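Chemist: Chains as they are written, first to last, in our numbering: chain Z, 1 to 292; chain X, 1 to 459; chain S, 1 to 372.
None of these hints come from the bench; they were simulated from the model. Treat the hints with caution; some may be incorrect.
As the list claims (entries may be wrong) - Pairs of lysine-lysine, BS3-like flavour, derived with a Cα cap of 25 Å:
no.	chain 1	residue 1	chain 2	residue 2
1	X	LYS4	X	LYS79
2	S	LYS207	Z	LYS96
3	S	LYS360	Z	LYS37
4	S	LYS217	Z	LYS96
5	Z	LYS96	S	LYS357
6	Z	LYS37	S	LYS347
7	S	LYS347	S	LYS360
8	S	LYS339	Z	LYS37
A quick note: this is a predicted structure, and the numbers were derived from the prediction, not measured.
Here is what each chain is made of, one letter per residue.
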Amino acid sequence: MDITAPTIILTLVWGVAIGCVYILLATGLNLIFGVMKLVNFAHGQLLMLSAFLTWTISVASGMNAYLAIIVSMIVVALLGVGVERLTFRRVLGTDKLNEIFVSLGLIYIFENAAMLIWGPQPKQIVSPFSGMSLALPGVSITYDRIIAVVVVVAALAAFGVLIKKTKIGLAMRATSQRNTTAMLMGINVEKIYMITFAIGAALAAVAGGLYGIIFSFDYQVGAMPTIIAFAIIIMGGLGSIKGAIVGGLLYGIAEQLATLFLGGIWGSAVAFALLIVVLVIRPNGIFGEKGE
Amino acid sequence: MQKKMLLALVVVVIVVVSAVAAIQLMPKPASPEARNIKIGLVAPVSGSPIGQDMERAARMAVDEINNAGGIYVSAWNTKVNITIVVADTVNDAPGNAVTPVTRAVETDGVDLLIGGYGSAGTLANEIVAIENRVPYIIAGASNELVTRRGPQGNYGGLGAQGTYSISDEEGMSYVFHYCTTTLDYSKTVVQFFANEMKPLVAEDRDFRLALLYRNDAFGTGVAQATKFWIENLSLPITIVADRSYETTTTNYQTDLTAVKSTNPDAVFVVDNPDKTPLIIKQGWNEVGLKSVYIAVENNQDPAFYTLLGETGSGQLLESKLDPFMSPSYLPAVEEYSEKFLELYDVYPGMMGADTYDAFYVAKDAIERAGTLDKAEVRTAIENTDLPQMLIMTESGRIRFSTGINYHEISPVTFIEQLYWDNTSNALKSRIVWSPFSPGGMELKQADFALPTGYQAGSP
Amino acid sequence: MTLKQQLTKLVRSKSFLFMIAVFAVLALLPIFISDNFFLTVLTLITIFSIYAASWNFLANSGQGSLGHALFLGVGGFASAIIGSSIATATANLLGSTQLPVGALSVTIQILSLLLGGLLSAGIGLLIGLACVRLKAWYLAMVTFGFSVIAATLSSQFDAITQGINGFPTTTLVTRGFPFYILVLSFAIVSIAAMYIITKSRMGMAFKAIHGNEPEAKMIGINTAKYKLIAFVISTFFAGIAGGLYAYFIRLIDNSVFSPLNSFTPLIMTVIGGLGTVVGPIIGTVFLVSIQQLLALPSVVDSLRASLGPLFPEVSNVGAPLGFLIIGIILLVIVIFLPKGLVSLPQKSKTMMPRIQKLVKRISSKFKRKKPK
């Protein structure tokens, strides 16, 4: 097979498009880490639950899939609040390993609860634009993918405004820098944690709805995106938003170039090899600060 | 005196003979040993939609058999019911597939095993059946190795493909393969391309076929078998792309872009009903690989049709059973489908149908054996000669082969073309080609036509 | 402390005696219960005890691995391949195609398991070198990444590993009771070895690193060296467990590298009691028992009848329900019983007065209401 320049350019385009989907998930994870210094490995399971919820809402009520995502977003955000209160808050500040254990427990619970409710059948959310695509020279892009990119950019912009321009954002930033000082300054840290987790869960929910429209999904779908999102933010440095975007694009492109030149089975192996190399050279990621 | 003696003798003889006759004519009581027949269902019941389909089909068959009075076991002189013992292999990985079968065989004492979906899991758990000499009708795993592997007790060092050995005839003789093998359906696919599609698109050159498959036992098995048949039958087909991908991925654009750059006439996609539609949709709608895509029979599942939707119009599916047709090519299949729909509120898939048939094969064998002795049941299964049921066979009868195709049936496979049905607003299929005509029956329902927008390959 | 003193202390310690008792019971159990399936489950539990203990050993040094399945797989593939090729070669030397099960084959079995463990430890050394500077999530992710890469590599070298179709193991020790005894002996030696190391000076260093790495460094502990040693030892025993597992399931394929196999030892350890000797064993018994119990035909049938109508989308409620219960138990234990099931008797002692107080308060409330 001869690989031509257009093929490589297309591959880079796919890499960017794929990276975009994961950036949204990664941002939520990253926010939670930035503010709470906590990693929720069960983040992808919120994506999975949101995909199922969006599917159920749009099938049961005949609602437009994109509107259904908003409903699902609210439900998942509330769920996130519950999860934070009942589980993570209780292990915060103890051994770091406990976060891994709690996350694993949550993964088992979410996946199997979803399996009991929705069964093992794969599903896909039908959007009003399914099957339609915009034809460009040499390639065509589905409307759903274009909407996904727009939604991701909009969500990230709204998120940026929230963090930079609002009072809550200020409080969140203060908490992320030094939570004891923030507490002394009269910030209700527990409330900030709650809001942070809710926003993180909501971002995962949006990602889940988009995922369910673009791809098909079942109860096990959360695992892979979480791992990829983790790899992305770890590469970029935990807590660094800039790093998450660079990491996301880097991951997407590395995976797709490996797929092109070595074959699809090498995709994530090469992406993880890249992750390992980055971490061995810089143990706190590309943009990570020297911690603790 | 002598006369009296003679008379007495005659009387005695008459009495004895009539007594014996009376005893003979009296209904024999059922043996106190009589009990239900325990059949182990080996399937990923809780982890996969296909395992679920197999379980539903099994329950349907068992309820039918039990409601009709059960199975007559002559050794006990009574009819007994079947009890299903579920051996749930969860995700069918060998680590999960062995323990439930061990339990079913060694603790629950099943008389027979039916099922076995994933090839790797089945290759692992069939050894339990072989070691315990329990007949195992495999109705799912398509890897032909399951009935053609090394000596019993020592399975190390299998030969390369094509040099299978069945050394321990007794051990392997307990395993039966009631489904198509990768060799069966790859053959039909390449024959279709060479005989039916090549004249339409590549009259004066080799047909350009691209292979895109999941990197597991199933995907690589089909890819190997495809190449084997092209060479073995010396077909005018060139493999222009040979790409496999991780089973966990959902992004196929780059692989498809690479496939597109090789200008194929058709793309052979080997994956399950949850992923195959994604590949076809990403290929056709996003990468712009406007080709003919062909999927294999494990995609004969409601999920495949709903996930693929309108994009699937004009694409191909190799199959051996289509439960979604009305009127159907085979009335039995339509009946099965309707009954299944009524019972479970969903359409059946293809895998469950093999399991359904296998229960009837087991019933027939046990009745002929007249006992639950495993060796005799095994021999009875080997001598099965039933008319075909849901799965059509070349001869129209269910028989297990001997020789290199050890203990396999010879199922009829065909190629279907999908079309969008505007009245029901759903994707449907019809048979466009088959190398077989079971019992002189013409399977073809429509002519194969290139999908609208199709772009032929070029060297 | 001299080695002799250490050993005497060890032998006299309570948990050591408890361990001996557990193993004695385990060895004798199959004699009383002739059920083959019970033996199968017991063998599985024993194999996973080694695996969970190896994970626990690494966690003791402050390193939480999320990719231990890599070592289970490497050990499994290596000892399956080594065992099968040595057996074939020996059989050929003896002029036959198959090696009869006997003293020779048992030796080959043990040799193949040790070699599998060594190979796993060798790879563990390389990966440990990459990991010594990493902490918490970074380490978890990198170990996870390595197990993903291993799965791909194994399918790439399919000609050797046969990982796609699965590599069938050669029977070198008769299945059933003899194999169980082999597994049990390996378990006793492995777990005792890990225990002795944990109680030694080296173990103290691991503990110090786990407690506070910079502090450990300050008091002069070569943290990188000790972390690496912990990695190598842990992966050696994980490899041994992998070898036993391969022979146990009769066929090893790439699915051995699945994330679930990486999570299992962690869950077993945490449920039983992180950092203790008996914890991983209790956790393993607990986890395997729940899963096997919920898979029993009688349980499956009664669940179908009772919960089936509630969950019409699922054919066998038992398996997902089992995982769900495990998830809930894990959460409850991490939050309320951080030292695992092992600490339950102790915890219940301290909890008892509080519960009694609560009961008293409630009952007194009821009493007050009654006269009216």
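Chemist: It remains to establish, for every hint, whether it holds in the given structure.
Modeler: Here's how the hints hold up against the structure:
no.: 1; hint: X/LYS4 to X/LYS79; in the structure: 49 Å, violated
no.: 2; hint: S/LYS207 to Z/LYS96; in the structure: 15 Å, holds
no.: 3; hint: S/LYS360 to Z/LYS37; in the structure: 41 Å, violated
no.: 4; hint: S/LYS217 to Z/LYS96; in the structure: 19 Å, holds
no.: 5; hint: Z/LYS96 to S/LYS357; in the structure: 34 Å, violated
no.: 6; hint: Z/LYS37 to S/LYS347; in the structure: 30 Å, violated
no.: 7; hint: S/LYS347 to S/LYS360; in the structure: 20 Å, holds
no.: 8; hint: S/LYS339 to Z/LYS37; in the structure: 23 Å, holds
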